[in-house]
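A.B. asks: Listed below are the residues making up each chain.
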Amino acid sequence: AQKVTQAQTEISVVEKEDVTLDCVYETRDTTYYLFWYKQPPSGELVFLIRRNSFDEQNEISGRYSWNFQKSTSSFNFTITASQVVDSAVYFCALSETPRRGAQKLVFGQGTRLTINP
Amino acid sequence: EPEVTQTPSHQVTQMGQEVILRCVPISNHLYFYWYRQILGQKVEFLVSFYNNEISEKSEIFDDQFSVERPDGSNFTLKIRSTKLEDSAMYFCASLSGNTEAFFGQGTRLTVV
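Quick mapping for you: the protein sequence lines, in order, are chains A and B.
Letter by letter, the first sequence follows residues 1 to 117 of the numbering used here.
Letter by letter, the second sequence follows residues 1001 to 1112 of the numbering used here.
Be careful, since some hints might not be right.
To be verified - Only pairs whose alpha carbons sit at most 25 angstroms apart, straight line, appear in this in silico SDA-like list of lysine to any residue:
1. K1042(B) x Y64(A)
2. K3(A) x E1085(B)
3. K1042(B) x S73(A)
Keep in mind that the hints were calculated from the coordinates and are not lab data.
All values reported here derive from a predicted model rather than from experimental measurement.
Let's have the full structure, built from the sequences with the hints guiding it.
C.D. replies: Have a look at this one:
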């Protein structure tokens, strides 16, 4: 069975600090995708990144970076020089190989990140 | 940029009433989904829809729920007899074969 664990329920840091959000997953498939979504206070789900299981290269996009390690089944997300606008709930998600088009996402519990000025 | 559109943004209904949540997926997408998020909790898969039929559904998606793609553009979720515990944010999503899921902005359903 698929499972995504985000052990950090809430994180609070001061602006300009770096912060890492942890994500650990479980799956029996060898082919899968990992995702991060941001949910700001307005409630929508904003896509941040998708990574397939064969690509373990770290990714950097501006102040955001992701560290994918298959050996530890982790896909951690780091925000460098955090800003107040980064305050949101962040969800890690997993989807396994589609079967009959059912590429459903399994979400973690989310981490509420608060950036204080 | 194409987007998934959901209406209404907020719906209040009395317990026992039927509600229909509407979604317009991105036009060339083939796979459609409904997810639910109870306030303060994680996002949960409800149902996926492909080739005009349900391809997978979760335990949450019981006989009170149904989905339909009535006219080739809209994708609807119907709850026949709402319960208090159906109060949640409902998200529609769509994707083509090789993209990430694009989510709508959600419909907040409040059952009173």
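A.B. asks: So, against the hints stated earlier in the document, which numbers end up violated here?
C.D. replies: As far as the earlier hints go, not one is violated by this structure.
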